[in-house]
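We have chain C already, so just place chain W on it with the hints.
Protein chains: 2
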Amino acid sequence: MLLTRHTDYSVRVLMYLALHDSDKVTIAEVARNFTVSRNHLMKIVHRLGRLGYLNTQRGKGGGMSLAKPPESINLSDVVQDMEPTLAIMECNAVPCPIAGSCAVKIALLEARDCFLQALGHYTIADLIKNKKQLLPLLERFLA
Amino acid sequence: MLLTRHTDYSVRVLMYLALHDSDKVTIAEVARNFTVSRNHLMKIVHRLGRLGYLNTQRGKGGGMSLAKPPESINLSDVVQDMEPTLAIMECNAVPCPIAGSCAVKIALLEARDCFLQALGHYTIADLIKNKKQLLPLLERFLA
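Respectively, the protein sequence lines represent chains C and W. Going left to right, the first sequence walks through residues 11 to 153 as the numbering used here numbers them. Going left to right, the second sequence walks through residues 11 to 153 as the numbering used here numbers them.
Only chain C is shown next, with the shape it has when bound in the complex (with noise of 0.2 Å):
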């Protein structure tokens, strides 16, 4: 049931960007602060950044900040958007038989709308709630 990196790493960034509200944060702080691989988040700040999460500005002094408000970033969507897929089984991996009569599907997109749902309770904003407590956690290592 896991979600893969991609989208982990996408919400860790959000979520910086959204507590660094007024900074030009750079993907090697990020990439610091969460030790993790630099040349990862780089795809993913760009495909972040493409669908309206954020901005970049290129160069010396540049750095990437939220493109709208944290409040606005659903936790839903971000997964919609960072999964390379949203399937549960994978049906058609070696064709089954009964793919076209089968209630298993039914059961199973049931219960990812209610995933989705679920996690559509929650924006970025919520997930900083606690701003006093995760900073220092992040500033292990500034620009």
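Keep in mind that the hints were calculated from the coordinates and are not lab data. Some hints here could point you the wrong way.
You can't tell identical chains apart in this list, so a pair holds if it fits in one copy or across any two.
Below 25 Å or equal to it, Euclidean Cα-Cα: the simulated DMTMM-like pairs (lysine to aspartate or glutamate) are [said to hold, decoys possible]:
| # | residue 1 | residue 2 |
| --- | --- | --- |
| 1 | Lys141 | Asp31 |
| 2 | Lys34 | Glu81 |
| 3 | Lys78 | Asp91 |
| 4 | Lys142 | Glu100 |
| 5 | Lys53 | Asp31 |
| 6 | Lys115 | Asp87 |
Chain W alone, transformed into the frame defined by chain C:
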């Protein structure tokens, strides 16, 4: 969000057995009808047996059958029993500095519980209600 093939095939085996409730079904028969690996199915059947979902009888004329009525086999239980992990994100694959104070975990647990609760509305009996449609699709190769 994909469940493992292990869980997928478990559901298929249980449905197959529920559809052939008076027969002694062999692993080879299920493998051929679903076009899946017999070796893979052997491991799954062994585990389903240990967990009390099915009974197996070795030797000539042997085979397997459900150990309990399909009405009492819940899809949520099968997923919980067969998935190697019920985690949604790997917070500690690379230790996350905010893991101890992270609200994302709470959101994910709520979402996972909704997912499992929705699956809990379905039993194996519900999944084979369209028995007349399913049977011809699974009888291409009989034992």
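Hints, verified against the model:
1. Lys141 - Asp31: within (12 Å within a copy, 57 Å between copies)
2. Lys34 - Glu81: within (19 Å within a copy, 58 Å between copies)
3. Lys78 - Asp91: Classified as within; 16 Å inside a copy, 41 Å across copies.
4. Lys142 - Glu100: between (42 Å within a copy, 24 Å between copies)
5. Lys53 - Asp31: within (22 Å within a copy, 52 Å between copies)
6. Lys115 - Asp87: Both ways: Lys115 and Asp87 sit 22 Å apart in one copy and 17 Å across, limit 25 Å.
The structure agrees with every numbered hint stated previously.
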